[in-house]
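Here the sequence shown is numbered in this note's numbering, starting from 1 and rising by one per residue.
Hints listed in this document are in silico derivations from the structure and should not be mistaken for laboratory results.
Here the structure is a predicted model, which is why all the values come from computation and not from measurement.
Mixed in with the good hints there might be a few duds.
[As the list claims (entries may be wrong)] Result set (DSS-like, lysine-lysine): computed pairs, CA atoms no more than 27 Å apart in a straight line: (1) 29 to 18; (2) 66 to 50; (3) 39 to 50; (4) 32 to 55; (5) 6 to 18; (6) 66 to 55; (7) 47 to 32; (8) 55 to 39; (9) 32 to 43; (10) 43 to 55; (11) 22 to 47; (12) 85 to 99; (13) 29 to 39; (14) 29 to 43; (15) 85 to 74; (16) 74 to 86; (17) 39 to 25; (18) 18 to 39; (19) 82 to 66; (20) 15 to 25; (21) 22 to 32; (22) 55 to 82; (23) 32 to 15; (24) 86 to 66; (25) 6 to 32.
[What the hints assert, rightly or not] Now the in silico label distances, taken between C-beta atoms and shown as ranges: (26) 8 to 32: 35 to 43 Å; (27) 48 to 20: 38 to 46 Å; (28) 29 to 63: 46 to 54 Å; (29) 20 to 47: 47 to 55 Å; (30) 64 to 37: 36 to 44 Å; (31) 46 to 71: 30 to 38 Å; (32) 74 to 34: 52 to 60 Å.
In this text, a Cβ means the ideal position worked out from N, Cα and C, and glycines have one as well.
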Amino acid sequence: MNEDYKELVGFLSGKFEKIDDKFDKIDDKFDKIDNRFDKIETKLDNKADKEITDKILASQDEIITKLDTLLQEKTIGDEQDKRQKKVLEIHNSALKSNKILSENQASEIDGLRVF
Numbered sequence: 001m002n003e004d005y006k007e008l009v010g011f012l013s014g015k016f017e018k019i020d021d022k023f024d025k026i027d028d029k030f031d032k033i034d035n036r037f038d039k040i041e042t043k044l045d046n047k048a049d050k051e052i053t054d055k056i057l058a059s060q061d062e063i064i065t066k067l068d069t070l071l072q073e074k075t076i077g078d079e080q081d082k083r084q085k086k087v088l089e090i091h092n093s094a095l096k097s098n099k100i101l102s103e104n105q106a107s108e109i110d111g112l113r114v115f
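The task is simple: from the sequences and hints, build the whole structure.
The following block contains the structure:
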């Protein structure tokens, strides 16, 4: 009877070794799949980072464009303020002296045009 058990154990051991080999192959396949998922995850993270970076850069470009516009408007506004101040100075000078603008003062005002 021991011989029968030995034969049965030997047969079952062979079967279990084959099953273990199949599980090892399945484990290898799962490892490959895990590696693929890791690569995909990394690519998605990089893509998300790139999208965020692109959005940030686009926002910065928009802000810089608006700041350039504001700077140009400020420069024009400053020039207009200087012109207005100079015109008022000329008018005040004319009021103090003659109460009317002289030809020189009128031509000076005409020469102060910003555009």
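Subject >> List of violated hint numbers, smallest to largest >> reply: Violated: hints 4, 11, 18, 22, 24, 25, 29.
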